[in-house]
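Heads up: the sequence shown at position 113 corresponds to 113 in the working numbering, and the numbers run straight through without jumps.
Don't take every hint at face value.
Stated by the list, open to error - Label pairs and their computed distance ranges (CB to CB):
| no. | residue 1 | residue 2 | range |
| --- | --- | --- | --- |
| 1 | Gln198 | Asp112 | 46 to 52 angstroms |
| 2 | Ala108 | Ala240 | 30 to 36 angstroms |
| 3 | Ala240 | Gly46 | 45 to 51 angstroms |
| 4 | Gly140 | Gly46 | 26 to 32 angstroms |
| 5 | Gly46 | Asp112 | 51 to 57 angstroms |
| 6 | Thr90 | Gln174 | 22 to 28 angstroms |
| 7 | Thr165 | Gln131 | 32 to 38 angstroms |
Said to hold, decoys possible - Restricting the straight-line Cα-Cα distance to at most 25 angstroms, the calculated cross-link-like pairs of lysine to any residue (SDA-like) are:
| no. | residue 1 | residue 2 |
| --- | --- | --- |
| 8 | Lys155 | Arg130 |
| 9 | Lys155 | Val235 |
| 10 | Lys177 | Ile227 |
| 11 | Lys152 | Glu129 |
| 12 | Lys155 | Ala101 |
| 13 | Lys237 | Glu192 |
| 14 | Lys152 | Thr202 |
| 15 | Lys152 | Ala29 |
| 16 | Lys177 | Met201 |
| 17 | Lys155 | Thr165 |
| 18 | Lys237 | Gly140 |
| 19 | Lys155 | Gln169 |
| 20 | Lys237 | Leu178 |
| 21 | Lys155 | Arg167 |
| 22 | Lys177 | Glu103 |
| 23 | Lys152 | Gly110 |
| 24 | Lys177 | Thr239 |
| 25 | Lys155 | Pro180 |
Hints are computed from structural coordinates only; laboratory data are not their basis.
Since we're looking at a predicted model, the values are computed, not measured.
All C-beta atoms, glycine included, are put in the ideal place defined by N, C-alpha and C.
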Amino acid sequence: MSAVRRPPALPNQPGPPFNAPAARRLRAALGMGPEHVAHDLRASYGLPYATPDLVLAWERGALIPSSPELTALAGVLWCAPGELIGRPRTLREHRIARGLAPEDVALAVGLDLLGYLAMEEDEDWQGTERQSATLADTLGLSLPDFITVTGKEEKLAELLRNAVTTRWQAYVRQVSKLLPLDRHLIENTLRELHEDYQGRMTATLAWGNIPTTDSAEGRGRDFLTGIVAHFWNEVGKGTA
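All chains, full assembly: derive it from the sequences and hints.
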């Protein structure tokens with residue numbers, strides 16, 4: 001494969017998480033070769049440097065397409081940009097996954113473009129409650145995604161770690177203020193997590209299998225590391 005040449009990515013604009021197998025699968029489903037994709041990228045989307053080697057580099061994971069390149073590739077493959085993106089985590093990644101321009105989101109939530117772009121760049125959402133609700137609706141964010149995108153996940157993790165390691169009842173109100181969930185659901189979820197954690201930390205004796213303090217502490221550390229995922233899993237059970 002010859003060297004791939006393309007313009008450098010814009011400063012502070014790395015490409016979104018790219019699903020290379022999906023790109024390869026979608027191309028094959030259309031009966032297109034890398035040369036056909038490259039031709040359409042040049043002819044229809046203004047990427048004069050697009051070559052079959054570049055397309056193959058994307059599909060093999062050797063290179064990650066920039067945001068404009070990913071949008072163009074989605075157009076060529078007749079799919080939504082989100083189909084070519086791994087699980088989005090940031091505000092910018094969710095916007096790209098929805099195929100929206102920054103101007104579209106800024107206008108929808110009632111922010112000037114530069115102000116919105118600054119929040120997106122810094123990954124520091126500062127919108128009002130109304131703007132936050134509009135953002136979630138515009139980007140189709142689930143509550144877990146919204147908490148991550150708006151920078152509240154670490155605060156939630158801190159509250160949950162404290163709740164399961166001390167008295168969970170003391171953190172119901174704080175979690176309720178952070179999340180728009182039914183209070184009883186939060187209470188039940190924190191109680192379940194507390195019992196789960198304490199059970200992992202309690203060394204139980206079994207015939208021929210005496211757990212050590214180190215193994216109990218290891219289980220506890222693992223649980224605390226994934227505490228946010230455990231929380232959303234329990235919330236899902238409570239709302240099923």
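Quiz item: Any of the earlier hints contradicted here, and which numbers?
Solution: 5, 12, 14, 15, 16 and 22
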